[in-house]
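**Q** Using the sequences provided together with the hints, build the complete structure.
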Amino acid sequence: MYSGLNAKIKAMRGKFLKREDYEALCKAGTLADFGAALAERGAYGRGALEGGPEPSRHIMEQRLAQTLREDFSRISDFITDLNLKRFLEAFFLKFEINGLTVSLSPIAGLTPRAEEFLEKLRGSRLYEASDIMAEKEKPFELETHLDIYYYLRVWRLKDKYLRGTNKQVAEQLIGGEIDLKNILWINRMKRFYSVDQTFVYTHLIPIHYRLKAADINRMAKAGTRSELQEESGRTAYGKLLEDDNLDRAFVGAMAGSCRAAAREYPHSIAPVLAYIFFKDLEIKNITSVLEGVRYRLPESEILKRCDGLSLACGPPAGVKGAC
Amino acid sequence: MIEKMKYVNIMGHINDFDRVVEQYIGKYDIHLENAVKELSDTMGVFPFATANPYAAIYKEAERLHDALGIKDGFFYKMDKENALSILQMASEFFQNKDVELAALEERRNLLNDFALKVEPFTGLEFDVEALEQFEFIKLRFGRMPYGSYKQFETFLHSNPNILFVDAKRTEYVYGMYFVPAESSDRADSLLSSFHFERIWISFDIDGEKQRGSFKKIYNETLTKINGLDAKIRELRREGLSGLSISNRKFLSAFNTIKELHACFEARKYAAKTKHDFYIFVGWMTEKECNLFQKEVANDDLVVVTVEDGADMQNVRPPTLLSNPFFARPFEFFVKMYGLPSYCEMDPTLFVALTYTLLFGIMFGDLGQGAVLTLAGLYMRKARGMQLGSILGIIGISSMIFGALYGSVFGFENILPALWTKPTENINNILFIAVGIGIVFILTVMIFNIRNSVSQKDPGKLLFSPHGVAGVCFYGSLIYLVLMLALKVTPALEKVLLPVLVILMAISIALIAFHEPLSNLLRGMPAGEYSARRKLIRTGVGQFLLETFIELFEVLLSYFTNTVSFVRVGAFALSHAGMMSVIMTLSGSGSRHNWLVIVLGNILVIALEGLVVGIQVLRLEFYEMFSRFFEGNGRPFLPFNR
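If you read the protein sequences in the order shown, they are chains U and C.
Numbered per the numbering used here, the first sequence spans residues 1 to 323.
Numbered per the numbering used here, the second sequence spans residues 1 to 641.
Just so you know, the hints here were simulated from the structure itself, not pulled from any lab data.
This one's a predicted model, so the numbers in the text were calculated from it and none came from an experiment.
Cβ atoms here follow ideal geometry from the backbone N, Cα and C, with glycine treated the same way.
Keep in mind that the hints are not guaranteed to be accurate.
Unchecked claim - Below, in silico cross-link-like pairs of lysine-lysine (PhoX-like), each with a Cα-Cα straight-line distance of 25 Å or less: (1) Lys150(C) - Lys158(U); (2) Lys150(C) - Lys221(U); (3) Lys167(U) - Lys150(C); (4) Lys181(U) - Lys150(C).
Claimed, not checked - Anything over 12 Å on all C-beta distances counts as not near chain C; from chain U, calculated: (5) Leu82; (6) Ile207; (7) His208; (8) Leu246; (9) Arg263.
**A** This is the structure:
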C-alpha cells in the first residue's frame, strides 16, 4: 500500500511552489494578477482561484484553505486501511477547527460572538464537546477548549487505530507538537503577561509526551526571564528553542521533525503527515504573500514577512531543500 | 326496496319524559329529528337547556372502563341509585389510589436521584460516618471534564496541599477532594477554575440517615427502589378486586349509566312548550310504527300522531334499505354511488341481478368461479368483509357460466359446453352482449320514468333523454336497425316505417327542447306571467347553440352506451384467450407443467377477476345509474343505536 501512496505523495510534492514561484507571485500588481500567476503554477491551477473580475482577498484565502482538504482527500483515496483512514480523519480535525476558529479571532472592531458561533455548530461533535465546558461565552476560552478537545481525541484515537511504526510516528509528531505548544504557551504567558498561575495550567494541553509534569511546574514557577529560558533549555526540546522568535522556532522544529520522520519511516503514515504539514505551511506562505500584494508592499518586504518561506523552500542561496 | 316511513309525533307531560324515553324511544328504532327545528314555524316551542346530569360520572366511568380493560360481555340491569353508588365508589377508590401512587412515585424519584448521585462514588472505600467526623478537613464531591482533570493533575504535582481522590471516569472525572478547613475557600476557587462542579449529596433522606460504605448505601437504595417499583406495579395492576366489585357488576353499572346518559341526550332532539309539554318528532318504519302504536294505545299519558312519509311536504324522510338476503351485499355498491332518496327506486335488486349476470358472462369458469366463491366465504366469515359476500355470489354466477361455456380452470376440453364456446362463436357472443345492453338501457329508462312519476317531475318524465321521449326514440331506432340488419321485411313495413320515423322526429324535437318545455309544464298550474318569460334562461342564439351541442351529445351517448356493452362479450373472449396462453406456456400434449397452470390460474383469477369486477361496476354506474339514479338520500339512523 505504501509504495503507491508514496508515489502519489511524491507526485503531489513535486507541485510545491519553489522560491522563484514565490518571487513571481510577489511581483503581481493586483489580486487578479496574483490569482492568474498562482493558477499557472502547479497545484492551484484547477480554477481554484479564478474568481470573478474583482476577486476578494477573503474569498481567495478561503479557497486556498480549501485546497488543503482537497489534497487530503486525494491522498486518502490511496489508503486502503480503514483504521488508518479513521485516524487521519481525526488528525485532520485540527485544520477544520483552525478554519472554524478563524471567525472567532477579533477583526478590526468586530467583536466575535462565541454564542453565535456555538449555535452554528449545534448538532456536530464539536458542539457536544463544547457543552461540557464552562465559560463558553469567551471566544478565547472556546478556542482553547476546542484545541484541547482535538488533542485529547487524536491522542486517544491514535492508540485505538494505529499499531507499530505508525503509532510510534504519530506519537512522535503529535506528542512533540503538544509539548512544543505547551512550552510556547508558558513562555508567552510568562514573558508578555503576568497572569495567575492557575490560568497557565487551565490552558495547557493536558497530555505529556516528553515534557514531564515536573518540567512544566519548574517553568511555571520560574521568576525571571532568564530563569524561564534556562528551565526551557533544560527540557528535551531545549535545543530547538534557541531562536528568540518562539513561533518561528516552533514551526522550524515541527518542520524538522516532520522531514526527519518522513525520511526515516517511508513505509508509514509519516510522509502523509509531513505532506499535510508542508502543504499547510505553503498555504500560510501564499496567504502572507497575498496579504502583501493586497497592501502593495514591495517584493523584498513581502518575502521578509514570510516566516515559513525558508522552511518550505530551503535557504535563499538556491540550495533546494527536500521535505 | 326502501322501507315505508311514518312521520311520528310523540307528546306528553314533561314529568313523564324519562319514562317515555326509556320505555319507547330506547326500545323502538326511531330516527329522531331536531324537534325545535322541525317545528320552527310553531310558536312557543323551546329547546331543553338542561345539562346532562350523568355526563361527569359517565365520562369518569368510561375512563375507568378503558383503563381497566374490561371486556364487554354479559351485564344485567340495575337500578339507577345502585349503579351510581357503585361507580361513585369505584371512582373514589381509584382517585385515592392515584394519590397513593403519586406519593410512592415521588419517593421513588427521590431515591433515584440520590442513587444517581452516589453511583459514581461507589468505587470509593470510605465509610460515610467516618467522612462526616472530620473537623479540620473539608471535603467536596464533584466532577470535572477529563481534559481539565489532566491539567489539574499536572498542577497538583507542585501543590500537594490538596488531596484529590478520583472515583469514576467517563468524559468527566468524578471524585472528591480534601483540604484543610482554613484554606478551603482558596481551594474551592482554584478547583472551580479547573471546571470542578460540586455535587451536593445529602446522606439524610427523609430523616433517615444512610450508613456504611458508598457501595453499601448505593445497593441498599437500589433495593429500596426495586421494592417501590414492585409496589407501584402491583397497585397499578390491581383492578377492581381491591374494592370487591366484580367486573360484571361494574360493567352492569356502567351500562346502566350509559343508557341513562344516552336517554338524557334525547333532550337534544326534543322540544318543550310553555305549558310543560314535550314533543318528539321522528321517523319510524311502518312495521315498527304499528307495533309502537299498539303498545302506546293503552298509555294515557302519551299522545302519538302518525303521518305517512310520502305525504310530507317540507321534510324528506330518511332512507332505510331492505332487500332479500342475496341482494343485500350489493347495497355496498349502491351506497358507494349514493343512498337513494326516499321517493326514488332502490336499485339494489337490479344491481344484484345485473352485476351477477354480467360478471358470469365475462368471467365464466367453473373452477375459478368455485375458487372465488370459497375466497368470498372466507373473507365474509373470517374477516367480516362485505365484499366477501359479493364475491361469493358472483363466483356462483361464474360457475354457472363456466358450465355453459364448458370451461374448468382454463381446460376447454374436459367438459362439454352446455351452451356454446365463446371462442367458437365470436360474433354471436358480441351481438348477444350488445343485445343485453339494449335491454338494460331500456329497462333503466323505464326506471327513470317510474322515478319521475314518484318525484312528480313531468318534464323529466316526458322530455328527458331517458324519459318517455327517450324510450320512443331509442326503441324505434333499435327496431329499425334490427329490421335493416336482419333484412326481414314484415308486412307492416309500409305502415310502420313512416310511423316510426315520424315518432323518432317528434321525440328528438322534444328532447332538444326539453328545458323550455319542462319549465312550461312546471309553470302551468300557477299560470303566472313570469313563468313564460323564464322558459329560456339565456338569449335565443345561445340557447340554440347549446341545444344543438346537447342534442349531438345525447345522440352520441345513445350510440356509445350501447356499443359499450360489447365489452361484456369481449371479456368472455379475453378470458378464454388468456387461459389458452397459460395452457400453451404449460406445455403441449398431455404432459402439462402443473406449476405454470396453478400460477397462471392464480394470476388470471386475481388480475382478470379484478378487472372484470371493475368493468361491470363501471357499466352499472356509468351506463345505467346515470340514467335514473340520483342517490342523494339521507340514512335512517335510529336513536337507540
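**Q** Against this structure, judge whether each hint is valid.
**A** So, going through the hints one by one against the coordinates:
1. Simply put, Lys150(C) and Lys158(U) have alpha-carbon atoms about 18 Å apart, close enough for the 25 Å limit, and the pair holds.
2. The hinted pair formed by Lys150(C) and Lys221(U) meets the criterion: a straight-line CA distance of about 19 Å does not exceed 25 Å.
3. A hinted pair counts as satisfied when its Cα atoms are at most 25 Å apart, and Lys167(U) with Lys150(C) qualifies at roughly 22 Å.
4. Under the criterion of a C-alpha separation no larger than 25 Å, the hint pairing Lys181(U) with Lys150(C) is consistent with the structure, at around 16 Å.
5. Annotated as non-interface, Leu82(U) keeps its C-beta farther than 12 Å from every C-beta of chain C; the closest such distance is 25 Å.
6. Non-interface status of Ile207(U) relative to chain C is broken: a Cβ of that chain comes within 12 Å, the nearest being about 7 Å off.
7. At the 12 Å boundary, the C-beta of His208(U) falls inside the reach of chain C, the nearest C-beta of that chain being 7 Å off.
8. Every CB of chain C lies more than 12 Å from the CB of Leu246(U), the least distance being 21 Å, so the non-interface label holds.
9. Arg263(U), annotated as away from the interface, keeps every beta carbon of chain C farther than 12 Å; the closest lies near 33 Å.
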